[in-house]
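*Asks:* In case it helps, our numbering puts the first sequence at residues 86 to 257.
If you're looking for bench data, these hints aren't it; they were derived computationally from the structure.
Every residue gets a Cβ at the ideal spot worked out from N, C-alpha and C, and that includes glycine.
There's no promise every hint is true.
Computed Cβ-Cβ distance ranges for the label pairs, DEER-style [to be verified]: (1) R93 - R213: 24 to 32 angstroms; (2) G113 - S202: 28 to 36 angstroms; (3) D94 - R132: 17 to 25 angstroms; (4) G232 - D87: 30 to 38 angstroms; (5) Q244 - F90: 21 to 29 angstroms; (6) T252 - K138: 24 to 32 angstroms.
Result set (BS3-like, lysine-lysine): computed pairs, CA atoms no more than 27 angstroms apart in a straight line [unchecked claim]: (7) K185 - K221; (8) K221 - K88; (9) K185 - K106; (10) K88 - K105; (11) K138 - K242; (12) K185 - K116; (13) K116 - K105.
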Amino acid sequence: MDKSFFSRDVLEVAPELPGKKIVRTVFGERKEYLITEVEAYRGIEDRACHANKGRTKRTEIMYHSGGYIYMYFVYGMHWMFNIVTGPLDNPQAILIRGLKGFRGPGRVSRELGLDGSFYGENILESARIGIEEGVKIPVIHTAERIGIDYAGEYWSKVQWRFFVNDTDLVAH
DNA sequence: TCAATGATTTTG
DNA sequence: AAAATCATTGAT
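Go ahead and model the full structure; you've got the sequences and the hints to work with.
*Replies:* If you want it as structure tokens, here you go:
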């Protein structure tokens, strides 16, 4: 897991994230979490991708090459944890939507203790958060992305959510 | 089904 | 300067 892993297209990287581990170190204590669900957001043409509205202070980090963390605050109370993918100037990111035992992107960030201070941090170099190889996933499921009905008939239906079922995980 | 809650973006 | 939007969650 290095820079080249995240610098590929988001649709190549996203299906490979379920089963990987997020490692988080707080006050010297290290915890590991298995990624179970993610969503891909791909480029300026994707009407659900924040970069569709243009390059702003908030979306700036998505224009970097892969491995940087994109955090944003939504609905007045939730931080969303994303990992940037793709080459330079190709705005893409993967929303971490679920960890084993924790469903929903807001709860993921809350459990990991992530907030705006992680915006722009490189997950490949950070001392407080990282990503590592985890377990082999037998079956990856795909589905529509959640909470983006505004993106229209095509973009809201595209199967860019990737997840593993709890049952598959236990069975291994 | 719907209120909570505030940063970002647009002028609805 | 003001209003709308929003990659959600949890309680009713």
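*Asks:* The structure should be examined with respect to each hint, and the outcome stated for every one.
*Replies:* Hint by hint, here is what the structure shows:
Our hint of 24 to 32 angstroms for R93 and R213 holds, since their Cβ atoms are close to 25 angstroms apart. Range check, G113 to S202: about 18 angstroms between beta-carbon atoms, so the 28 to 36 angstroms window is missed. Taking 17 to 25 angstroms as the suggested C-beta distance range, the pair D94 and R132 conforms, at roughly 18 angstroms. A hinted range of 30 to 38 angstroms for the beta carbons of G232 and D87 is consistent with their spacing of about 32 angstroms.
Under the hint 21 to 29 angstroms, the C-beta atoms of Q244 and F90, about 22 angstroms apart, fit the expected range. Between T252 and K138, the C-beta spacing of about 39 angstroms breaks the proposed range 24 to 32 angstroms. Our distance criterion of 27 angstroms between C-alpha atoms is met by K185 and K221, whose separation comes to about 14 angstroms. Annotation: proposed proximity of K221 to K88 holds, straight-line Cα distance about 21 angstroms (limit 27 angstroms).
In summary, the hint linking K185 to K106 is supported, as the alpha carbons are separated by about 10 angstroms, within the 27 angstroms threshold. For the proposed pair K88 and K105, the alpha carbon gap of about 15 angstroms is at most 27 angstroms, so the pair holds. Taking the CA atoms of K138 and K242, the gap is about 19 angstroms. The hint holds against a cut of 27 angstroms. A distance of roughly 13 angstroms separates the Cα atoms of K185 and K116; the hinted pair therefore holds under the 27 angstroms criterion.
For the proposed pair K116 and K105, the alpha carbon gap of about 14 angstroms is at most 27 angstroms, so the pair holds.
Checked against the numbered hints above, the structure breaks hints 2, 6 and satisfies the rest.
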